[in-house]
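Enquirer: Sequence:
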Amino acid sequence: MKVILFFLYASLYLNRNEGAVTLLQNASVQAVIAFGDSLMDQGNNNHIKTIFKANFYPYGMDFINGNPTGRFSNGKTLADFFAKGFGVKEYLPAYLDPLIQHEDLLTGVSFASGGAGYDPLTSKLSNVMSLSSQLEMFKQYIEKLKGNIGQEAAMNTITNSVFLVSAGTNDFLVNYFTFPMRRLQYDVPAYGNKLVKLASNFLQEIHKLGARKIVVFSTSAIGCIPIERTLAGGAQRICAEKYNKAAQFFNSMLKLQLQVLASNLPQTRIAFSDFYKPLMNIIDNPQQYGLEVTNRGCCGTGELEMCYLCNKRMTRTRTCHNDSNFFFWDSLHPTEKGCDIFVNLVLPDMMKKLF
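In the numbering used here, the protein residues as written are 4 to 358.
One or more of the hints may lead you astray.
[Claimed, not checked] With a straight-line cut-off of 16 angstroms between C-alpha atoms, the simulated EDC-like cross-links for lysine to aspartate or glutamate are:
hint: 1; residue 1: Lys248; residue 2: Glu295
hint: 2; residue 1: Lys52; residue 2: Asp100
hint: 3; residue 1: Lys248; residue 2: Asp190
hint: 4; residue 1: Lys280; residue 2: Asp190
hint: 5; residue 1: Lys147; residue 2: Asp107
hint: 6; residue 1: Lys149; residue 2: Glu106
Honestly, the hints are just simulated from the structure, not real lab data.
Given the sequences, and given the hints that come with them, work out the whole structure.
Expert: This is the structure we're talking about:
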């Protein structure tokens, strides 16, 4: 009977409230757990020594009380909107937040670290937490759950959680195309293949720990993000096709590997979530989504500023007066409005793949 009811609800799972996709309360998602990079970092980098931080104004200016939490956005992030979309909670907390409560752990946290990638060298270059470090924190989290609610309930929570994994962008932009080490070792196809293997290994590790519903995001159209338009797009700041081609190649290999992996992991659903095509659609058709600007960010000139370059002084000459007209907040990360749009685009397909 429960199975029948679940599928009845699943067929009607989406409703819309002020543009946000939400899951009906009866859907069985107990927690959302996030790994990866700055798109999922809810403030973990606040607590490590790195220049990749966002715990200062104007970051968070549209968050609760204008509070800069370490989210790389003017407000809520993709992780927050997915947590709400899966019907779990409004905000996904950072695991390293010292104010986190036991109750917060029951419905999920983010282990992500801005600047991280699949390649351990990427995280080392940025002095941030690698995926292996995030995996160790996840193990600690499981032990905390067991201590709070018992082993059986803890594992039931993990089994009925949705896992979000976002990585790959920094591997190309921070690592491969910026420093020579990997380029001397690998051409783009070989490096993409290396990243896919590392991604597969990581997914198998979280599967061993109980993950059964996993979303893996592709790399976005990295050549079209504002900072790469500025650095590699020439005087007209066009999309840097070399970077986009690398992303497309990696994404195609990742998608195929996830299909193989899903077929070999028992009782597991792995959803490949395409970031590339939805982003290109938004960039090419901003007015369709209630946007005006998609080729630069809101902060400062919007062409280079992010992290410490997107600071209080920049707000005196901010590019935009209304950040809801912009897809990008800084030169790399989406605005709260951009995150909302993206989640609405991909969540329906994601639900079909996971349930």
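Enquirer: Now tell me, hint by hint, if it's right for this structure.
Expert: Here is what the structure says about each hint:
The hinted pair formed by lysine 248 and glutamate 295 fails the criterion: a straight-line CA distance of about 26 angstroms is larger than 16 angstroms. With a C-alpha separation of about 15 angstroms, the suggested pairing of lysine 52 with aspartate 100 holds against the 16 angstroms cut-off. Taken as a hint, the lysine 248 and aspartate 190 pair is honoured in the structure, with Cα atoms around 13 angstroms apart against an allowance of 16 angstroms. Of the pairs offered as hints, the one joining lysine 280 and aspartate 190 is violated, with about 24 angstroms between alpha carbons and a cut-off of 16 angstroms exceeded.
A distance of roughly 12 angstroms separates the Cα atoms of lysine 147 and aspartate 107; the hinted pair therefore holds under the 16 angstroms criterion. A C-alpha spacing of about 13 angstroms is found between lysine 149 and glutamate 106, which places the hinted pair at or below 16 angstroms, so the restraint holds.
The structure is inconsistent with the numbered hints 1 and 4, although it conforms to all the rest.
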